[in-house]
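Trainee: Chain by chain, the residues:
2 protein chains.
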Amino acid sequence: MDCAKASYDWPVLAIGMGIAAEHGIGLIAFQAQSIFILIFGDSMKAFQDYYPENLAHCYGCGSLNTLGHQIKTYWDGEETVTRFTPEPHHTAIPGFTYGGLIASLIDCHCTGTAAAAMYRAENREMDTLPAFRFVTGSLHVDYLKPTPIAGELEIRGRVKEIKGRKVIVEATVLAAGVPTARGEVVAVQMPEGFGA
Amino acid sequence: MDCAKASYDWPVLAIGMGIAAEHGIGLIAFQAQSIFILIFGDSMKAFQDYYPENLAHCYGCGSLNTLGHQIKTYWDGEETVTRFTPEPHHTAIPGFTYGGLIASLIDCHCTGTAAAAMYRAENREMDTLPAFRFVTGSLHVDYLKPTPIAGELEIRGRVKEIKGRKVIVEATVLAAGVPTARGEVVAVQMPEGFGA
Numbered sequence: 001m002d003c004a005k006a007s008y009d010w011p012v013l014a015i016g017m018g019i020a021a022e023h024g025i026g027l028i029a030f031q032a033q034s035i036f037i038l039i040f041g042d043s044m045k046a047f048q049d050y051y052p053e054n055l056a057h058c059y060g061c062g063s064l065n066t067l068g069h070q071i072k073t074y075w076d077g078e079e080t081v082t083r084f085t086p087e088p089h090h091t092a093i094p095g096f097t098y099g100g101l102i103a104s105l106i107d108c109h110c111t112g113t114a115a116a117a118m119y120r121a122e123n124r125e126m127d128t129l130p131a132f133r134f135v136t137g138s139l140h141v142d143y144l145k146p147t148p149i150a151g152e153l154e155i156r157g158r159v160k161e162i163k164g165r166k167v168i169v170e171a172t173v174l175a176a177g178v179p180t181a182r183g184e185v186v187a188v189q190m191p192e193g194f195g196a
Numbered sequence: 001m002d003c004a005k006a007s008y009d010w011p012v013l014a015i016g017m018g019i020a021a022e023h024g025i026g027l028i029a030f031q032a033q034s035i036f037i038l039i040f041g042d043s044m045k046a047f048q049d050y051y052p053e054n055l056a057h058c059y060g061c062g063s064l065n066t067l068g069h070q071i072k073t074y075w076d077g078e079e080t081v082t083r084f085t086p087e088p089h090h091t092a093i094p095g096f097t098y099g100g101l102i103a104s105l106i107d108c109h110c111t112g113t114a115a116a117a118m119y120r121a122e123n124r125e126m127d128t129l130p131a132f133r134f135v136t137g138s139l140h141v142d143y144l145k146p147t148p149i150a151g152e153l154e155i156r157g158r159v160k161e162i163k164g165r166k167v168i169v170e171a172t173v174l175a176a177g178v179p180t181a182r183g184e185v186v187a188v189q190m191p192e193g194f195g196a
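Sequences listed follow chains X and R, in order.
Read left to right, the first sequence gives residues 1 to 196 (my numbering).
Read left to right, the second sequence gives residues 1 to 196 (my numbering).
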């Protein structure tokens with residue numbers, strides 16, 4: 001996390017807040033005799049925003065895939081969280097969310113979590129090299145009940161195990177706070193010659 | 001299978017072929033002294049084409065979801081087959097198919113297979129009532145190797161078990177004939193009050 005501390009007058013602060021908001025940068029201001037600003041650079045960056053450009057085209061989570069879901073995952077303590085609002089056409093039976101979309105959200109949420117967990121395990125920031133990128137070895141989803149297609153879904157993940165190049169991640173999908181699906185992904189660190 | 005046999009002159013055959021093509025009806029012609037036509041009504045209808053209209057909106061397989069994948073599944077002996085060509089934006093890592101799409105294809109292929117298998121088990125045609133429609137209880141996918149995003153994928157399914165309202169279906173995804181993913185779905189016959 002890059003952290004800068006400075007003292008500015010109000011008008012400068014206003015401009016700074018505008019720029020910060022535009023770039024998704026966290027900003028906290030304290031007022032004393034003058035105004036202190038703490039800019040937490042990168043604090044709002046999602047796991048997926050750290051993927052190398054050539055690996056950021058995934059339909060589910062690639063920030064460069066303009067036709068994809070572009071999910072964003074963040075730490076929330078020891079858990080990870082993604083929020084996603086299905087489109088009306090992402091339906092299964094009318095009124096409910098398509099199970100394939102739920103599987104897709106779990107998939108990308110968990111591979112993102114795996115990468116973030118591996119950085120944490122190595123006590124490294126996510127903007128340091130070499131970059132971690134995980135692919136899916138296996139995916140399992142239990143559909144607990146129909147998931148209403150009515151607003152934002154929350155996907156919460158937790159690392160179950162790290163062993164070698166594999167990270168096992170559990171995830172729960174919640175609709176209005178109610179768990180509707182549970183998943184588990186065995187994520188595998190992408191080999192150098194992936195697909196060769 | 002409805003089957004009609006008739007004798008027509010060439011101009012009639014030409015008109016008939018046009019109508020048949022428009023409606024996706026199989027047509028075989030034999031020429032002798034006159035022309036015989038065998039029209040296999042319904043022979044080209046996919047499992048999904050028998051879903052009741054109110055249950056045909058699924059993003060993966062609903063024939064009425066114009067923004068969805070609209071997959072079509074057919075019997076091939078004891079196996080079932082779906083063919084689907086991913087769009088360029090359905091990418092994972094560049095050059096390969098998105099795992100979430102693969103999971104989605106397996107999901108809908110297997111629920112469709114479950115419905116067809118239940119009709120077969122009851123020795124009923126798929127256009128008879130009551131209609132069968134299955135939802136996904138659980139989905140498991142093992143990604144064997146990266147799936148090239150280069151042309152048509154084939155998903156082949158086989159019924160593993162029918163017990164009560166559950167049908168367990170296994171599926172394999174093949175790219176240019178090479179298995180790249182294996183899946184298993186526990187499909188559950190949709191209850192009357194689904195989602196209530």
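Don't take every hint at face value.
Same chains, same names: a pair is fine if it fits in one copy or spans any two.
List time: in silico EDC-like cross-link candidates among lysine to aspartate or glutamate, alpha-carbon distance up to 16 Å [unchecked claim]: (1) 160 <-> 78; (2) 45 <-> 170; (3) 166 <-> 142; (4) 45 <-> 192; (5) 145 <-> 192; (6) 72 <-> 49.
Worth flagging that the hints you see were computed from the coordinates, not collected in a lab.
Predicted, not measured: the structure shown is a model, and the values here were computed from it.
Trainee: Are the CA atoms of residue 72 and residue 49 at most 16 Å apart within a copy, between copies, both, or neither?
Mentor: within (8 Å within a copy, 36 Å between copies)
Trainee: When no copy is specified for residue 166 and residue 142, does a C-alpha distance of 16 Å or less occur within a copy, between copies, both, or neither?
Mentor: For residue 166 and residue 142, the Cα distance is within 16 Å only across copies (14 Å; inside one copy 21 Å).
Trainee: Between the shortest in-copy and the shortest cross-copy C-alpha distance, which are at most 16 Å for residue 45 and residue 170: within, between, both, or neither?
Mentor: neither (22 Å within a copy, 39 Å between copies)
Trainee: Up to 16 Å between alpha-carbons, please classify residue 145 paired with residue 192: within, between, both or neither.
Mentor: Classified as between; 14 Å across copies, 39 Å inside a copy.
Trainee: For residue 160 and residue 78, with the copy left unspecified, which applies at a CA distance of at most 16 Å: within, between, both, or neither?
Mentor: Answer is within: at 11 Å inside a copy they meet the 16 Å cutoff, but 39 Å across does not.
Trainee: Can you tell me if residue 45 and residue 192 fall within 16 Å by alpha carbon in one copy, between copies, both or neither?
Mentor: neither (25 Å within a copy, 45 Å between copies)
Violated hints, in rising order: 2, 4; the structure is consistent with all others.
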